[in-house]
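> Protein chains in written order, with our numbering: chain A, 363 to 639; chain B, 28 to 324.
Just so you know, these hints were derived from the structure itself, not from any lab.
Even for Gly, the Cβ is constructed at its ideal location relative to N, Cα and C.
A couple of the hints might just be wrong.
[What the hints assert, rightly or not] Mimicking EDC-like on lysine to aspartate or glutamate, the simulated pairs with C-alpha atoms at most 20 Å apart in a straight line are:
1) B/37 x A/533
2) B/87 x B/72
3) B/37 x A/530
4) B/130 x A/533
5) B/36 x A/584
6) A/366 x B/226
7) B/37 x A/630
[What the hints assert, rightly or not] Footprint (simulated), chain B over chain A, 3 or more residues, beta carbon under 8 Å:
8) 417-424
9) 467-475
10) 481-489
11) 618-629
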Amino acid sequence: MARKQKLSFSIFVSAVLIVVSVLFLFPIFFCIFTSFKESAEIIRDITFIPHKWSSVNYDYVFARGAKYLRYYLNTIIITASSVAITLVLSALSGYAFARLHFRGSKFLLASILFLLAFPLCAILIPIYMMEYELRLLNSYLGIILPNLLCILPFSIFIMRGAFIDMSDELEDSAEIDGCSVPQTFFNIMLPLAQNALIIVLVSGFYNVWGEYTISKTLASKDSIMPISVALTLLKSEDWNYGVLAAAITLSIIPPIVVFAVFQDKLVEGMSAGAIKG
Amino acid sequence: MQNTISFRKKARARWGVIFVIPTCVVLFVFVFYPICYTLVLSLNEYNFAYDMHMKFVGLKNFVDMFKDIQFLTALKNTLQFTLFMFVILVVLSLSLALLLFNKKRRSWLYRVSIFMPIVVPASLICILFSFMLADNFGIVNKFLVSIGLSGWSHNWLTDAKTARVWVIIVSVWGKVGFCTILFLSGLQNISQDMFEAAEIDGAVGWKKLIHIMIPNLTETFVVVGIWAILQCLKLFVTPNVLTKGGPANATLVMYQNIYNTAFNYFDMGYAAAQAFVLTALVMIFSLLNMKLSKGEN
C-alpha cells in the first residue's frame with residue numbers, strides 16, 4: 363500500500379514537473395521556431411512548429427548585416443570588457459577581504475553590501491549627468507563602467523567565499539619559502555579558486571549580455587547600442603516578427619549554451635554566494 | 028619571532044589595502060558619489076535641459092510628490108505588483124524546489140528548463156511575449172480559439188487588468204528560477220539524519236514539510252525574501268518593454284516614472300527625490316522581511 367502510494371506520488375511529481383518545464387521552455391522554443399517561419403505562416407496561419415522550414419529571416423539578418431552585426435558586436439565588446447575588469451577587481455578584493463585583514467576591512471565589506479540595496483535608478487541619474495559633462499554618453503567606456511556595479515558586488519562575495527574556505531597552511535608555507543603576498547596570490551591561491559572564477563565569469567557574462575536599463579539610459583546611438591536595447595526599439599520600426607525572432611534567437615543562444623555547459627557549477631556557486639552574502 | 032609575525036601581519040594588511048583600492052575607486056566614483064549627488068539633487072530644483080544651476084528648494088520635491096497623481100499611481104502600482112509578485116515568487120519557487128527535491132533521478136532536464144529563463148535577456152523575451160500576446164496574430168489567442176474558448180481571446184496588453192497580469196507573469200517567468208535554486212540548495216543542506224529520524228517517528232508528507240523543512244529553511248527565506256523584494260520594487264524592464272507603463276498608466280511603476288521624469292523630462296531634482304522614496308521602500312521592506320523571518324523561528 364505504502365509502496366503504491368509512493369509510486370503514484372512520484373508519478374504526480376513527474377507530471378507536474380513536465381507541465382512546468384514545457385511552460386517555461388515554451389517562449390524560447392516559440393522564438394526559435396518562429397525564426398524559421400515565413401511571414402505568411404507567422405501572421406496568417408499562426409503555427410507553433412513551422413510547416414515549412416525556411417532560412418529567409420536569417421538571410422535577411424545577415425544581408426542587412428551591418429546593422430544587426432553592429433548591435434551584436436556592441437554587446438560582445440561591452441560584455442567582454444565588463445567581465446574581464448570584474449574578474450580582476452573581484453579576485454583582488456575578494457582575496458583581500460578573505461585573507462588580508464586590514465583595519466576597517468569588515469566595515470568596507472558591509473558598506474559594499476549596503477550599496478547593493480540601492481536601486482540602480484538612484485545611481486543612474488547622477489551618472490547620466492556626470493557622463494554628459496565628461497562626454498562619455500554613447501561611448502563604450504560610459505556603458506562598461508556602470509555595468510560593473512551590477513556584477514561586481516556579487517562577484518566579490520563569490521571570490522571572498524572561495525578564498526575563505528582555503529587552508530592557511532598553503533599560504534604559510536609559500537611565505538616561508540619567500541613568496542611575497544602578490545606572488546602567493548597569483549601563483550598559488552588564484553589557480554585554486556578556478557571554480558569561483560568560472561562562476562564570476564559566467565554569471566557576469568549573462569548579466570551584462572542581457573543588461574537593459576543602463577544601456578537604454580546611457581546609449582542612444584545605434585553605433586554603441588547593445589542588442590538587448592536595440593531590438594526593443596526596432597519593434598515598431600519594422601514589424602517583421604520573423605526577422606526579429608531570428609535576431610532574438612541569435613542573441614539568446616550564447617547565454618543558454620553557456621548556462622547549459624556550466625549549469626552544475628553555476629547553480630552551486632550562485633546559491634553559495636547568496637547564502638554567504 | 029613575535030616581531031616577524033606582527034611584521035608579516037602588517038605587510039599583509041598593507042597588501043590588503045592595495046588589493047581593494049581599484050574596486051573601491053570604481054565603487055566610490057560610480058556608487059557612493061552618485062548616491063550623495065542624488066541626495067543633493069533631491070533637495071533642489073534642476074531641469075537638466077533648461078536650468079544652468081540648481082536651485083535649492085528644501086523638501087519641496089518630497090511634498091510635491093504626494094500631490095502628484097502620476098507619482099501616486101506609480102506608487103500604488105508598485106506596491107500592488109510587489110505584493111502579488113512577491114507572494115507568487117516565494118510560493119511558486121518553494122513548490123518547484125520541493126518538487127525537484129523529491130525528484131531524485133533524471134531531474135537534469137527539469138532543472139535546466141526551470142533555471143534557464145534566468146540567463147535569457149529579459150528585454151528580448153518581452154518582445155517575444157508582446158508578439159505571443161498580440162490581438163489578431165498572437166499564439167495565445169490562437170490557442171484559446173483552437174480549444175474552443177474563443178470568447179476568452181483578448182487584446183491582452185491593451186486591457187488594463189490583463190496587461191497587469193501579464194507583466195507579473197512575464198516577470199515571474201524570468202525570476203522564479205533563481206529563488207528555486209536558493210530553496211533547493213537550502214533543502215539539500217538539511218541533514219539526511221533529520222529526515223530519517225522524522226520518518227521513524229511517522230512524519231510523512233505535509234507533516235515533514237511543516238515540522239522539518241520549513242523551520243530549517245529560515246535562512247533561505249530571509250535571502251529569498253530580500254532578493255525577491257528587491258526585484259519586485261525595482262521592476263522596470265518588463266513593464267517598460269511590454270507595455271511602456273500603459274494602458275493609461277495601469278502598469279506604470281515607480282522605476283518607470285523615475286526614468287521618465289529624469290530622462291524624458293530631465294527634471295533631475297524631482298526624479299532624484301522619487302528615487303529616494305523608492306530606496307526607502309526597499310530598505311523598509313528588507314528590514315521587515317528580516318524581522319518577520321526571524322520572528323517565525
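> In ascending order, which of the hints set out earlier in this document are inconsistent with the structure?
Failing hints, ascending: 4, 5, 7 and 8.
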